[in-house]
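Use the sequences and the hints to build the structure in full.
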Amino acid sequence: MTTRRHPDRALPVLAEGVGKRYRRGWALEETSLVIPENRVVALVGPNGAGKSTLMGLVTGMLRPSAGSIAVFGDEPSGKGLHPAVSYLAQQKPLYRQLTVAETLTFGARTNPTWDQGYASHLVEQAGVPMNAKVGTLSGGQRTRVALALALGKRPRLLLLDEPLADLDPLAREAVLRVLMSEARMQGMTVVLSSHVLAELEGVCDHLVLLHRGRVLLAGDVNRLSGDGTPLGELVLRHMRAAAAQEVAA
Amino acid sequence: MLTGVIEFRIDRHSGVSTYVQIVQQVKQAMRLGLLAPGDRLPSAREVVDATAVNPNTVLKAYRELEREGLAQGRRGLGTFITKSLASEATAGDDAPLRKELGRWMGHAREGGLVVEDVDALYSAVRDEHYPAEERS
Numbered sequence: 000m001t002t003r004r005h006p007d008r009a010l011p012v013l014a015e016g017v018g019k020r021y022r023r024g025w026a027l028e029e030t031s032l033v034i035p036e037n038r039v040v041a042l043v044g045p046n047g048a049g050k051s052t053l054m055g056l057v058t059g060m061l062r063p064s065a066g067s068i069a070v071f072g073d074e075p076s077g078k079g080l081h082p083a084v085s086y087l088a089q090q091k092p093l094y095r096q097l098t099v100a101e102t103l104t105f106g107a108r109t110n111p112t113w114d115q116g117y118a119s120h121l122v123e124q125a126g127v128p129m130n131a132k133v134g135t136l137s138g139g140q141r142t143r144v145a146l147a148l149a150l151g152k153r154p155r156l157l158l159l160d161e162p163l164a165d166l167d168p169l170a171r172e173a174v175l176r177v178l179m180s181e182a183r184m185q186g187m188t189v190v191l192s193s194h195v196l197a198e199l200e201g202v203c204d205h206l207v208l209l210h211r212g213r214v215l216l217a218g219d220v221n222r223l224s225g226d227g228t229p230l231g232e233l234v235l236r237h238m239r240a241a242a243a244q245e246v247a248a
Numbered sequence: 000m001l002t003g004v005i006e007f008r009i010d011r012h013s014g015v016s017t018y019v020q021i022v023q024q025v026k027q028a029m030r031l032g033l034l035a036p037g038d039r040l041p042s043a044r045e046v047v048d049a050t051a052v053n054p055n056t057v058l059k060a061y062r063e064l065e066r067e068g069l070a071q072g073r074r075g076l077g078t079f080i081t082k083s084l085a086s087e088a089t090a091g092d093d094a095p096l097r098k099e100l101g102r103w104m105g106h107a108r109e110g111g112l113v114v115e116d117v118d119a120l121y122s123a124v125r126d127e128h129y130p131a132e133e134r135s
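So the protein sequences, as listed, match chains U and G.
Residue numbers for the first sequence follow numbering that gives the first Met the number 0, beginning at 0 and rising by one.
Residue numbers for the second sequence follow numbering that gives the first Met the number 0, beginning at 0 and rising by one.
Hints listed in this document are in silico derivations from the structure and should not be mistaken for laboratory results.
Careful, some of the hints might be misleading.
Unchecked claim - Coverage of chain U stretches by chain G, computed from C-beta distances (three or more under 8 Å per stretch; other residues unrestricted):
no., stretch
1, 67–75
2, 169–179
3, 222–232
Stated by the list, open to error - If you only want the chain U side, here are some residues facing chain G, beta carbon under 10 Å, derived:
no., residue
4, E36
5, R38
6, V39
7, A182
8, R183
9, A197
10, L199
11, E200
12, D219
Computed from a predicted structure; not experimentally measured.
Ideal Cβ positions, reconstructed from N, Cα and C, are used throughout, including at glycine.
In structure tokens form, the structure reads like this:
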């Protein structure tokens, strides 16, 4: 039996026995987890483990089929994002015909908490010209603009679905540096999903490992890898153990 | 500018955890005399801005250095090196053994060896002279 906790408004995410079922079966099942404040969280697991489903539940784009989920103490309404949450989807949806400046104006119109100075600063820092059309930008530049759009809202929780996929190593480092600096300075929780573990080594201080729609491992990275096990190895070790158990069962 | 402050180079694909890489790089710099007692280690903020490493990872590395008696955190000031690991033999560009090794590397390069050749030779000869069972 689980005891019902009082919804904690300070917690970016509190999931209790949450599950999501599609016609083909459970994409996420009996998932209970806490995402603590001011952490950089690695949300990892093989394709199909339930990472995007969990993100969808946190953003409110999906409704749980079982259990409950609270974001800063509120149940996602399903009518748009929580005001304190930004979400950057894997496809980084930007209008290719808009200029960078127009993209930021769009951000200002759709977000009541928009900080134009901050968003412009992030674009300038990336060296992206304001009058360039989004469609002409490199993958790395587009990611930086999408990040400025997500951060310009001044979120307390930033969700990024595979933000480093299809970026070259230099652009990856640059994006990670921005994320880490802003997370530290703004006091923000960042959740990064990835299926490439090595790129998150040393970046994240909290880990959520999903496997076949369930939480296989979750917690503070320093505690989980106390002996200095690299993140990738830690995750592989647990996935091998889970696979061995499945074979035995 | 971070003049005189060590900069960490983190290789995320090395298979060595980031905090261990930081500990190793500090110790190496100490042995080479690049870090001496009284020197300040970069703050977690400086490391984050330069390398995208999580501040908690940096602090874990510094706690390990403190635990080993090599550094000490001073509240509000930073973490400072408290011990010397350098000796005449290891510190400075003109240490005789270093120069000898430099000449050897020069020959290797002139001989057309690639870095993997050099690493293989170096670790093979090192292990002959410093057998694993004798190391602490």
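Status of the hints after comparison with the structure:
Only residues whose C-beta sits within less than 8 Å of a C-beta in chain G count toward coverage, and the stretch 67–75 of chain U has 0 of them, not enough to reach three; the restraint is violated. Residue count for the stretch 169–179 of chain U with a Cβ under 8 Å from a Cβ of chain G: 5. That meets the three needed, and the coverage hint holds. Counting residues of the stretch 222–232 of chain U whose beta carbon lies closer than 8 Å to any beta carbon of chain G gives 7, which reaches the threshold of three, so the coverage claim holds. A distance limit of 10 Å between C-beta atoms decides the matter here; for E36 (chain U) the minimum to chain G is near 13 Å, and the interface restraint is violated.
A hinted interface residue such as R38 (chain U) counts as satisfied when its beta carbon comes closer than 10 Å to some beta carbon of chain G; here the least separation is about 9 Å, so the hint holds. Given hint, V39 (chain U) at the interface with chain G, holds; its Cβ is 6 Å from that chain's nearest Cβ, closer than 10 Å. The interface hint given for A182 (chain U) is met, as the beta carbon of that residue sits about 9 Å from the closest beta carbon of chain G, less than 10 Å. At a threshold of 10 Å, the smallest CB-CB gap from R183 (chain U) to chain G is about 6 Å, leaving the interface hint in force.
Interface restraint check: A197 (chain U) against chain G, minimum CB-CB distance 5 Å, threshold 10 Å, status holds. Proximity of L199 (chain U) to chain G holds as hinted, the smallest CB-CB distance being about 8 Å (cut-off 10 Å). Residue-level restraint check for E200 (chain U) holds (minimum Cβ-Cβ distance to chain G is 4 Å; threshold 10 Å). With a cut of 10 Å, the hint placing D219 (chain U) at the interface with chain G holds, because the nearest CB-to-CB distance is about 8 Å.
Violated hints for the displayed structure, listed by number in ascending order: 1, 4.
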